[in-house]
Amino acid sequence: MTDNGQNARSLIRAAITLAAAAAVYEALARSGYFAPALLPKLSIVVQTLIATLADGSMIQHAAYTLYRVMFGFGLAIAVGIPLGILMARFTAVENFFLPLVSALMPIPSFALVPLFMLWFGIGNLTTVLIVFYAATFPMLFNTWSGVRSVNPIWLRAAGCMGADEHSLFWKVIIPGASPFIITGMRQSFLRAWIAVVGAEMIAASDWGLGWVIFDAKEFLNTDTMLAALVVIGAIGYLFERLVFGSLERATVLRWGMMRSAKG
Amino acid sequence: MVPIEIRDVTLVYDTPGGKVPGVKNVNFNIGASEFVCIVGPSGCGKSTLLNIIAGFLTPVAGEIRIGGKPVTGHGMDRGVVFQDFAQLFPWRTALGNVTFGLEMKGVAKDEREKIAREQLRLVKLEKFTGSYPHHLSGGMQQRVAIARALAYNPAVLLMDEPFAALDALTRDDMQRLLADVWRATRKTVIYVTHNVAEAVYLADRVVVMSPHPGTVKAEIKIELPRPRDPLSVEFLECQKELLGHLGHDANANEPVN
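Quick mapping for you: the protein sequence lines, in order, are chains W and E. According to this note's numbering, the first sequence is numbered sequentially starting from 1. According to this note's numbering, the second sequence is numbered sequentially starting from 264.
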C-alpha cells in the first residue's frame, strides 16, 4: 500500500474515533440532565471556536501558549538529554545528580507557580520556567534509562573497530538509546502542556489558552472554555502525527528497534 | 597474517560467590595465516580465552603477543565476530555497518564504501548493501558481521561461535563461505566452537580445552586437503579422534557390564 493510502486511512480512523466521542458528548448535552450553560451543545462550542479563530484572538492565545511550550520543551531537551547521558556514563555525575533529581521530580510544577511568580513576576519568564521544570524530568529519566540499556555488544563491537569516546557517543549511544529518547520527548511534551495551562491560569496576564479557560470561568463561558480545550487537543494531535510520528518512522521504526502494532 | 603467542595465561573471575578460575596456564602458538579452532565443553574457558585475546578481559598472569606485540586492550589488529546476531548496529544499513571501522580509521567516504562493497561481495551480500539488519536473516546478519570485521583489514580474525545460533543447513553454507573467505584473505583465525564437525571442517589445528579450570588438553593437526568433504572416511576419522580427546569415546554408548 502507498504511504498516501495509509495516511488517508489513518485520518479516517482518527475521524471515526473523534466523531464517536463527539456523539457521546452531544447526547449528554441534549439529555436535559445538565444546565445548557454548564454543558453547551457542540454547535455552540463550534460557533465560538470559529468566531474566536476568525477574529484572531484564539490564534494569538494559542501562539502565546505554543511559544511557552516550545521554549520550555526546547530547554528541557537541551538539559535533559545531555545530563541523562552524563548520568548514565559517569558514576560521579549520577551520584551527584540522582538525589537532587529524585527529590525535585515529585514536586508538582503547579506547586511552584506561586513561588516562581514571586521570584520572576507574571508573564512569559515564569511560565517558560515552569514548563522547563515539568518537561525536564521525563526527558532526563528516559535518556538515563535509554543509555543504560544500550546493548553492551554494540559498545564492544564499536570498541573493537577503534571507536573513541566521541564516536561512541554520537554513533552508538545516541542511536542505541533513541527509542527511549523519543519516548522521553513525547512524555516531556505532554508534561509541558500540563504545566503551561496550569501556569497560565495563575501566572499569565491576558494571553494564553490556560488564561482563556481561567478567565472564561468568571463569566460562565463554558463554550469558550471548551473551545480552548479543543484547540489544545488539536495542537497535541497535530504534534503527535507530524512531529513524533514522523520522527519515529524515520528512525526507530525504520531500524526495527520498535515495531508498529500488528493486525 | 601475523603469529600469535599465548604464554601461561591465567584468569580468575571475581564473583559474589568467590573466586572462580576461568583459564589456567594456557600455552600455545598460532602461526601466521593459520586457522585454529578452540573446542571444548561449556565452561572450559574457550570464550574466556578468546575474550582475553580480543582484549576485553585482562589475564591475572601470563601474556599474549600478536605479531610480537603484547596485547593491552582491544585494537584494530583484530576483528571480532560474536555469536549474537544483535552485534550489528540496527540503525545502520549493511553497508553502514561494514564501513564503521573504516570510518573510525578516518578513511574517506567514497573509499570506505568501495572497500565495504568489496567485503560484502566476498560474503555474497552485494545485493543487500542498503538493507537494515532487521530485514536480513540470521545467516545474512552473521555474514555482514564477518564483512564488518574484515573491512578495516585486521591481521587476526577472532570468532566466538558465530554460527551456533543458525539452523544446520545455513550453518553448512556459512562454513563453506568462511573457508572461501579465509582462503581469499589469509587471515590468522581463532575460532571458538563446541561443534566437532565444524572444527574439523574449518581448522588447520584444533586446540581441545577441558574445564575446571580451563586448560589445554590436546592439540590436533587436521591435515585433510581442502575443500574438505564432511562425508569422507578421513573426515569422520578425524572427528572420532577429536571426540576421543573430548572424552566422548566412540564406544561410550555401549552398556558396561
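None of these hints come from the bench; they were simulated from the model. The beta-carbon is built from N, C-alpha and C at its ideal position, and this holds for glycine as well. One or more hints might be untrue.
30 Å max Cα-Cα, derived DSS-like pairs, lysine-lysine [as the list claims (entries may be wrong)]: (1) E:LYS282 / W:LYS171; (2) W:LYS171 / E:LYS372; (3) E:LYS387 / E:LYS372; (4) E:LYS368 / W:LYS171.
Cβ-to-Cβ under 8 Å is the rule here; a few derived chain W residues that face chain E [as the list claims (entries may be wrong)]: (5) LEU38; (6) ASN151; (7) TRP154; (8) HIS166; (9) TRP170; (10) GLY256; (11) MET258; (12) ALA261.
A quick look at each hint next to the structure:
{"no.": "1", "hint": "E:LYS282 / W:LYS171", "result": "violated, 37 Å"}
{"no.": "2", "hint": "W:LYS171 / E:LYS372", "result": "holds, 16 Å"}
{"no.": "3", "hint": "E:LYS387 / E:LYS372", "result": "holds, 22 Å"}
{"no.": "4", "hint": "E:LYS368 / W:LYS171", "result": "holds, 14 Å"}
{"no.": "5", "hint": "LEU38", "result": "violated, 52 Å"}
{"no.": "6", "hint": "ASN151", "result": "holds, 6 Å"}
{"no.": "7", "hint": "TRP154", "result": "holds, 6 Å"}
{"no.": "8", "hint": "HIS166", "result": "violated, 10 Å"}
{"no.": "9", "hint": "TRP170", "result": "violated, 11 Å"}
{"no.": "10", "hint": "GLY256", "result": "holds, 3 Å"}
{"no.": "11", "hint": "MET258", "result": "violated, 10 Å"}
{"no.": "12", "hint": "ALA261", "result": "violated, 17 Å"}
Of the hints listed earlier, those the structure fails to meet are numbers 1, 5, 8, 9, 11 and 12, in rising order.
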